[in-house]
Structures are given as C-alpha cells and as structure tokens.
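There are 2 protein chains.
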Amino acid sequence: MSKYWNERVHKLEPYVPGEQPKDKRYIKLNTNENPYPPSPGVLAAIKAAVDDSLRLYPDPEAADLRAALAERFGLSSENIFIGNGSDEVLAFSFMTFFSPDRPVMFADITYSFYKVYANLCLLQADVIPLDDSFKMPVSAFCEPSGGVIIPNPNAPTAQGISIESIRKIIEADPDRVVIIDEAYVNFGGESVVPLVKEYPNLLVVQTLSKFGALAGLRVGFAFGAPELIQGLNRLKNSINSYTIDRLALAGAKAAVEDTEYYKRTAEHIIRTREHTIEKLSEMGFKVIPSEANFIFITHPQYDAEALFHQLREKGILVRYFHQPRISNYLRVSIGSDEEMEAFIQAVADLVKA
Amino acid sequence: MSKYWNERVHKLEPYVPGEQPKDKRYIKLNTNENPYPPSPGVLAAIKAAVDDSLRLYPDPEAADLRAALAERFGLSSENIFIGNGSDEVLAFSFMTFFSPDRPVMFADITYSFYKVYANLCLLQADVIPLDDSFKMPVSAFCEPSGGVIIPNPNAPTAQGISIESIRKIIEADPDRVVIIDEAYVNFGGESVVPLVKEYPNLLVVQTLSKFGALAGLRVGFAFGAPELIQGLNRLKNSINSYTIDRLALAGAKAAVEDTEYYKRTAEHIIRTREHTIEKLSEMGFKVIPSEANFIFITHPQYDAEALFHQLREKGILVRYFHQPRISNYLRVSIGSDEEMEAFIQAVADLVKA
Numbered sequence: 001m002s003k004y005w006n007e008r009v010h011k012l013e014p015y016v017p018g019e020q021p022k023d024k025r026y027i028k029l030n031t032n033e034n035p036y037p038p039s040p041g042v043l044a045a046i047k048a049a050v051d052d053s054l055r056l057y058p059d060p061e062a063a064d065l066r067a068a069l070a071e072r073f074g075l076s077s078e079n080i081f082i083g084n085g086s087d088e089v090l091a092f093s094f095m096t097f098f099s100p101d102r103p104v105m106f107a108d109i110t111y112s113f114y115k116v117y118a119n120l121c122l123l124q125a126d127v128i129p130l131d132d133s134f135k136m137p138v139s140a141f142c143e144p145s146g147g148v149i150i151p152n153p154n155a156p157t158a159q160g161i162s163i164e165s166i167r168k169i170i171e172a173d174p175d176r177v178v179i180i181d182e183a184y185v186n187f188g189g190e191s192v193v194p195l196v197k198e199y200p201n202l203l204v205v206q207t208l209s210k211f212g213a214l215a216g217l218r219v220g221f222a223f224g225a226p227e228l229i230q231g232l233n234r235l236k237n238s239i240n241s242y243t244i245d246r247l248a249l250a251g252a253k254a255a256v257e258d259t260e261y262y263k264r265t266a267e268h269i270i271r272t273r274e275h276t277i278e279k280l281s282e283m284g285f286k287v288i289p290s291e292a293n294f295i296f297i298t299h300p301q302y303d304a305e306a307l308f309h310q311l312r313e314k315g316i317l318v319r320y321f322h323q324p325r326i327s328n329y330l331r332v333s334i335g336s337d338e339e340m341e342a343f344i345q346a347v348a349d350l351v352k353a
Numbered sequence: 354m355s356k357y358w359n360e361r362v363h364k365l366e367p368y369v370p371g372e373q374p375k376d377k378r379y380i381k382l383n384t385n386e387n388p389y390p391p392s393p394g395v396l397a398a399i400k401a402a403v404d405d406s407l408r409l410y411p412d413p414e415a416a417d418l419r420a421a422l423a424e425r426f427g428l429s430s431e432n433i434f435i436g437n438g439s440d441e442v443l444a445f446s447f448m449t450f451f452s453p454d455r456p457v458m459f460a461d462i463t464y465s466f467y468k469v470y471a472n473l474c475l476l477q478a479d480v481i482p483l484d485d486s487f488k489m490p491v492s493a494f495c496e497p498s499g500g501v502i503i504p505n506p507n508a509p510t511a512q513g514i515s516i517e518s519i520r521k522i523i524e525a526d527p528d529r530v531v532i533i534d535e536a537y538v539n540f541g542g543e544s545v546v547p548l549v550k551e552y553p554n555l556l557v558v559q560t561l562s563k564f565g566a567l568a569g570l571r572v573g574f575a576f577g578a579p580e581l582i583q584g585l586n587r588l589k590n591s592i593n594s595y596t597i598d599r600l601a602l603a604g605a606k607a608a609v610e611d612t613e614y615y616k617r618t619a620e621h622i623i624r625t626r627e628h629t630i631e632k633l634s635e636m637g638f639k640v641i642p643s644e645a646n647f648i649f650i651t652h653p654q655y656d657a658e659a660l661f662h663q664l665r666e667k668g669i670l671v672r673y674f675h676q677p678r679i680s681n682y683l684r685v686s687i688g689s690d691e692e693m694e695a696f697i698q699a700v701a702d703l704v705k706a
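Here the protein sequences come in this chain order: B and X.
Counting in the numbering used here, the first sequence runs without a single skipped number right up to 353 at its last residue.
Counting in the numbering used here, the second sequence runs without a single skipped number right up to 706 at its last residue.
Hints were generated in silico from the structure; no laboratory data involved.
It is possible that part of the hints are untrue.
Calculated pairs, EDC-like style, for lysine to aspartate or glutamate (alpha carbon to alpha carbon, straight line, at most 16 Å) [what the hints assert, rightly or not]: (1) X:Lys356 - B:Asp173; (2) X:Lys375 - B:Asp64; (3) B:Lys3 - X:Asp528; (4) B:Lys279 - B:Asp349; (5) B:Lys22 - X:Glu414; (6) X:Lys400 - B:Asp52; (7) B:Lys279 - B:Glu338; (8) X:Lys705 - X:Glu635; (9) X:Lys375 - B:Asp59; (10) X:Lys375 - B:Glu61; (11) B:Lys3 - X:Glu414; (12) B:Lys3 - X:Glu635; (13) X:Lys356 - B:Asp175; (14) B:Lys3 - X:Asp526; (15) B:Lys22 - X:Asp412; (16) X:Lys356 - B:Glu227; (17) X:Lys375 - X:Glu666; (18) X:Lys400 - B:Glu71; (19) X:Lys667 - X:Glu692; (20) B:Lys22 - X:Asp417; (21) X:Lys632 - X:Asp690.
Between the sequences and the hints, there should be enough to build the whole structure, so can you do that?
Below is the structure:
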C-alpha cells in the first residue's frame, strides 16, 4: 500500500501467473505452453525481420497480419483486432464493452483473470456456478446481464461448450456483448469465429500462445463485427498506438499462414492427451473430458495439494488452485510424449507409495 | 459510435500517431525515429533469441533487463518497471497515480498523448500555458494539484527544463507524483534518474524508441521508488502479465549494455541538428532551442501548414499540429546527414519560390 496509489490500484487483486522457477530445470506442465516449437517458417520470418528497420515504428494497424487472418478465416480486416497476447485483448474488451451499472457474467470455475479484469474496471460480477459435472449451465447465462465471457473450452476444466449453447446465450440478449475466449479451441473444440458475421454482439478471442507455440511472442486476436473492433481500437489508441513489435508482426503472420504444421502439432498433443488420460484413469483418477492442451484431474483417495508438492519435489510442475470446489484437482498441461511418460511414472510412484 | 461501447469509450479521443504512408518512399522526418540502426550487438542478441524457446512465456518480471538497467543507472531492480514502449508506461502511470478528485497538471503545448490519458482515466486536467518563449512556467507547476507530468525536453518544442526547476516542482508537494518523461533526454538534456533515490514522489520514464533506435521493438522504462514501481506492477498484472516478448527482452538488454555505440549515434544526430538549425536560421526560420532529436521551427513569412503540404509533395514528411499557439510551426525529426540536406534543399526551394 502507498499514498501514491489511487483508490482503484489499492483495491486491485492482480493475476498470479503460473510459476517460472529458475532454481532448477523442471518438466513444466503448469502454464499450458506448447511442447513443440514454432514452425520453421515462423523462425525464418522472424530472423528475416531482425534488421536495421527495427529503428522504425511497427505498423500500428498491423495491416499485413490482419489481412492474413482475414484470408484464413474468411473475414474482412475490419473484423480483426490484434493485441499483445489474448490477455491484453481480454482486458481491453472488458474496458470497452462492460459497464459498472450492469454485471458481467462468468462461471465460478473459469480463467481467474476475468475476476481481475472485472475488479480493474470496477464491474460487478454475476458469478454463475458450473453444474456438478463442471458444465456451463446454459440457461443461467441466458438470464439478463451487462455482458458474458465464456472460455471454450473452459479453463482450468478443459471442458467445451457446444456451438448450439453459445448461440442460445448470444441470442438471449442481442444488446449485450458475449465474449468467447478460444485460447484452447484448436485442441479438439469447435470455433465460433464464423458466427461473427451473423451476430453483431459476438466477440471471439484467440491467441498464438498455445496452438501457435508462440507464448514468448505475445500476440492475440479478437474477431467481431466492425463496430466492436472499432471500440477496441479506440481504447488501444488511448493507451499505446504500437502494441505489437515488428518481430511479433512478422512471426505471427507466418504462423497464421502455416496452419498445416500447427494442425499436425495439435493432433500429436491430442494423441498424447488421450494416452495420458487412459493411464491416469487406470490409476483411479477422474479426468474431466478435455478439449484442450491440458487436463483437469482428481483422485478420490489422494490429496491434490499434496500431490502437487510431491511432484514439484520430483521436478515436475503442475498447477494447483487453492479455490472452493476444485481444491482437490490438478491442472496438468500436455507436454511431449517423454514429459508425459515421466509425469505418469512419477504419479504412479506416488500413488503406489 | 456503437451501443456496445461503454460510456467511457464513447468519450475517448484517441491519440493519432504520425502517419506511416505506404503509397511511396518518403524521407520520414515525422515520427522522431533514429536515422541510424540499432547496434550490431542488439541485432545479434535478438537473432540469438529466435529459437524454439519462443514456445515458452517470457519472464513476466523482465529480471535480466531490469538488472542491466539497475547496473547502468546505479539503481536497484526494485526501482525499475518495464513496459511496452514508454506510451504504455505513461498510460499505466496515469491509471496508477492520478485520481479523478484532483487535477493532473501538464503544459498546453506538450506531448498530446497526456490529454488522451487524462480522458481515459476520467481525470480533470490543469493545463498550464507555456510562457511566450515556450518555456515551462516553473512556479505555476508548483501550485497544488493531484500530479504533474512534464517531458524533458518537451515535445513538440524540443526545449529542456533545468534540474533545479524540476527539483522545485517535486519538492512543492511531496504527496503528489511528478512524472518526468525523458523520451528525448539523451540528445543533449540532463536526466533526473539519479534523483529517484532522493524523492519518493518522482517517476522518470524513458524509452528505447529514440536514443536506442528500437521504435520497432516496443520497450520503455520507468524509474522510481519501490512503492511507485509496485503500484505500476499491480496495474500491469491486472491487465497482462507478459507485456514484453522474449525478443524484445533480449534486444533491450543488449541495447542497455551498448551505451557507447548509442552515445556516438546521438552525438552525430546532435551535430546534424546544429547544422540544420544553422541553415534554417540563415533562411529566416526561428528555431526553438533544441535538446532533442527533432526541432520545432517557424518562419515569419511562410505558412507552416502550406510548407507541410509542399514538403509532402516533394516526398518529405514532417509533422504539423493543427493546434492553437503552434499552428504556424513544424516539427522536424533529425534524420541522417543526407536526409537533412535534402530537407534543407527542399525548404530553400520553397522559400525562394
């Protein structure tokens, strides 16, 4: 606390990202990074951009990247906003579309940054409890509110929601913005990006950090009707005209154009996920159905927090959330086959002991 | 306007950056970029960072870069905040240290983003007129307010303010934060970074976009007492945990460590500036004393806006501000010797005609 902070900053409860420890090498299954590298084309495109032109500002409108995304998704550039990772896109969306006078709806078990954004924007939150099997209760999200944000698939549960359910929530009130956060949609979920042409109140957010294997480059997107995108641009241009550097622009464009490479990578991760689920199920773990590059697991006989610490001692990082309803769960990112074998072996040893 | 934007976004008046036209090649003297490239060490450090580790998140605390800056400036890492360009650092500072209940002070002729930030944060602005020679009126800035922001040197005038004057403004009220925006300080001004150890209410903001020749990389810094830096981190971590990508972290660290190269570059720019001023003065231009990598010029017989358009037709971009008191001025970035010869020749032709 400090007398120099304003009231809002005093009341903030900042997000805490998964730990990035430097004390030793860990098998990192705690921040949902892609275990496989960016495509060779991406690395080549970035290297080609490392030159004297770094002295010049980047294109503040990211025109080339937006054109590449428009081409890939069958949209127009006017449907696309680019941000410094999807977290920035989400923060700007909260600042642009939601108001303190009407609550924003999100699930009780969901990406914990939403609560932070609501707090930042002095918004009321209408927190909707997931049902007993951690599914989104669609009818509750159709009740009146000032806006909705739903990840598909959800985090940290990894469970998806159907396009038909999303349509119902969007159609329940055409005057409120519904944000679908598709950070993990490319690992088995179904994207609603095509629906932005149909619904002016739908904003879809994606990122290159997971599927694109570029968490280190910081690029996220929003797809929506032009008036939603214009609102985001007004906000962005009141904070920072140039949020994406020249190298990130070059790398992101190459990633968008190299979909085949990334599809193969995602298919590999899905196979590894299914194998991991099979092995964990044999050990008595309950695994929430996953459409993501991570799984959410619990065991009736073992304490998740204890397992978290025991795995950490064995050099394996997973994510534990000290939070009601999920305090006996672990979120485990899907790593490479070798990393997951090591994880399965470590868990088996702990469960046997 | 859109029914989906909240009230605040409706009222925003976003910043308009200098144009980046793509219709043909211009001599770009309109966005104060460095005419010389980043140091070879910077390009090598970035290239070395283009590898598979881009799949991993960057260090959210930018520990290595902060350590390099601490070393260079004789400070501690706790005194240093890193942002996505100094614009983001400034926006976050407005969001953290200023409140709607007390006005923030800035000059009538200054960096036009300050008004945008004030608007974004719903702040009142106490706008202080520069004196007739465009100097900061120190006593006016010592009057009560909720905060102060002053660029040293000022933009777009390029004129500096003395450290003694800054001390007076800081000491006038130890309970309010004074931000000194040193985007251009390395072209002849004197930095107050050492004073952050003395004054808990001083925040100094710098950037790699000008002196560091890395406008395309998006890195800015704030220096201040640990409690100011903690406030900025609370705000940042409520928006985006990872604002600086891996490549920018690598390049910025190399730039901070390569001060000798950049000092030589700045000295060259200063020599070019003085030569340009001499030539323009011979043509009857009045040039505000410059401590920056740009100059602010006016001519008693020629209309600045007309000159702006005529120069543009000749392929030379400078910046014109349609604004009271400075509507007959042009801001001209200092380019390479060749670029400035072309500019001087073009102006001479226009003035003769």
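Taking the hints in turn, this is what the structure says about them:
no. : hint                : result
1   : X:Lys356 - B:Asp173 : holds (13 Å)
2   : X:Lys375 - B:Asp64  : holds (12 Å)
3   : B:Lys3 - X:Asp528   : holds (7 Å)
4   : B:Lys279 - B:Asp349 : holds (13 Å)
5   : B:Lys22 - X:Glu414  : holds (12 Å)
6   : X:Lys400 - B:Asp52  : holds (13 Å)
7   : B:Lys279 - B:Glu338 : holds (14 Å)
8   : X:Lys705 - X:Glu635 : holds (13 Å)
9   : X:Lys375 - B:Asp59  : holds (10 Å)
10  : X:Lys375 - B:Glu61  : holds (12 Å)
11  : B:Lys3 - X:Glu414   : violated (24 Å)
12  : B:Lys3 - X:Glu635   : violated (53 Å)
13  : X:Lys356 - B:Asp175 : holds (7 Å)
14  : B:Lys3 - X:Asp526   : holds (13 Å)
15  : B:Lys22 - X:Asp412  : holds (10 Å)
16  : X:Lys356 - B:Glu227 : holds (9 Å)
17  : X:Lys375 - X:Glu666 : holds (14 Å)
18  : X:Lys400 - B:Glu71  : violated (29 Å)
19  : X:Lys667 - X:Glu692 : holds (13 Å)
20  : B:Lys22 - X:Asp417  : holds (12 Å)
21  : X:Lys632 - X:Asp690 : holds (13 Å)
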